[in-house]
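S.K.: So the protein sequences, as listed, match chains A and B. Here the first sequence is numbered in this note's numbering, starting from 1 and rising by one per residue. Here the second sequence is numbered in this note's numbering, starting from 1001 and rising by one per residue.
Wrong hints could be hidden among the right ones.
Stated by the list, open to error - Output of the computed footprint for chain B on chain A, the stretches with three or more beta carbons under 8 Å from beta carbons of chain B:
| # | region |
| --- | --- |
| 1 | 38-49 |
| 2 | 56-69 |
| 3 | 133-144 |
| 4 | 196-202 |
| 5 | 254-265 |
| 6 | 277-287 |
These are computed hints drawn from the structure, not numbers from a lab. Glycine included, each C-beta is placed from N, C-alpha and C at the ideal position.
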Amino acid sequence: MRKGPNRPRIQRRTRNGLLFVSPWLIGFLAFFAYPFFATIYYSFTNFNGVQSPKWVGFANYTALFHDPLFGTSLFNTLFYTVFELPLSTAAALGLALLLNQNVRGRGIYRTIFYIPSIVPLVASCLIFVWIFNPATGIVNDLLNDVHIQGPGWFFSIAWSKPSLILLGLWGVGQPMVIYLAGLQSIPAQLYEVAALDGAGAWHRFRHITIPMLSPVILFNVILQLVACFSYFTQAQVIEGGDIGGPGTSTWFYVQYLYEQAFQFLKLGYSSAMAFFLFVISAIVMVLLFRSSSRWVYYASEG
Amino acid sequence: MSVAINRRTRHKLGASAGKHAVLILVSVVLGFPLLWMALTSLKTNHQALAVPPVWIPHPFVWSNYPDFISAVTFPRFVLNTLMYAATTIVGVCISSSLVAYGFSRIRWRGRDFLFKVMVSTLLIPFFATLIPLFVMYKRFDMVGWYLPLIVPTFLGSSIFSTFLLRQFFMTLPQSVSDAARVDGANEFTIFTRVILPMSKPALATVILFQFVYCWNDYLGPLIYIDNQVWYPVSLGLTLILGTYTTNWPWVMAAACAATLPIVVLFFFAQRTFIAGIAIQGTGDKG
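Put together the whole structure using the sequences plus the hints.
M.R.: Encoded structure:
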């Protein structure tokens, strides 16, 4: 009885809903679904963008695994990710905790902590190249004052990646703000009850702050991971005179992909790299989501 | 009694001084690169390279700014960037608000599934779909100018904006839509006449973030813009770094000129900035 008159209404709603989201739906098909499957297809072909793709089976993939620079770029990217991810999480969380204290002038500190992250990325690269210049930069000058011989930073094979990590840590303002909002939404009475029970600062942090923040941590880690897998701009700008240098220490995965595609027009080969990147990041994301049920705490679930 | 209180306040004062000491130290470390940029931009090259370092420029070489600006057609870069930002802002405001409305104010089958699909595309690396896109734009003869970066924004490519607007639309009471519906308004009228006028703060956030995005975007223009005439500020900066590597005051003046508008904008719209970022992390995950 009740179903009858409702049906046209449900249909109308579905039609309206689809109409409203249709811009995205068209965009999704044209700018995401199509290129996604085309990437897979190209990866099995020889293709330079002009002549039509020629099927070569798994040749691109076998070539990939015999390409030392592919391995290097993958290693560099994983190296960056493995250090940047925990360090930036700790830094962002640490800064948020500092700002969450009840002190005067909190707003001013928050502004100072946040501003580096809104500096245009290319401008931050220029600043870091300058202050970390091994010969004329202020950082090595200051180190010199305390009798430390500063390293070559971006111009040293050993230090180029750590320098990029430092640059990344300077710009953690965004996750910091998200953590701060998360911290401020934790009910104060949780801490009060714990304090009455005699829980110390570390205990409260470990057993209240971390669990209550865990959904936000997951969110930030995901964003950070996506950014790490696509790490490009900073390395490209800073090592602009010698891309990937010094040596091959700053060849990052998508930089190599970019070069193969747009410098050498090896579109089949670079598509294989692109699809491989998708597979790796999909695996990592699945593992992350699987593990999240063990460490992410959603208050609504009790 | 009074001694006890005294001791407690003294203890409090000490703790507060300790907190400030830490906060100030961190502020100095984080603020130093920007300070040094600004100082260097006002020095002579000789002073910039001096050992031991000269802290305060003497004299202040304000002419570094007009000099670097005329050396690299910087105003042109700014103009290109503003054009890029303005067009994509129009695209994002139109398409993201429509899509966000469909994902929040109408209940329909498949809605939540499609929303999840949309959000999950954020997890896919940009480069996983780049190559066929480039081939496609090349075939349509769109490479060389901003069209490949503008067109998608009219088709809901800014998922961040859609997400933000959806979160906002969901906070608006259902009763405002129902009242309009009783008056015979259709969905589109409700969208344009009721929901959009109530959403000015959310739209302001979207506009602000889209502007900052365009101002900072390096990768998009790098891929699609090959003629220096059309360079945005970000590519212009790398041009300056490549051309005037030995003239650090100019390079820092350029970095400063690119940073200043964003920082000024931040001071005027601090609340919008912070709220826009915080909403991402604390909004529900669909």
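S.K.: Which earlier hints turn out false for this structure, listed by number in ascending order?
M.R.: Hints 2, 4 contradicted; others consistent.
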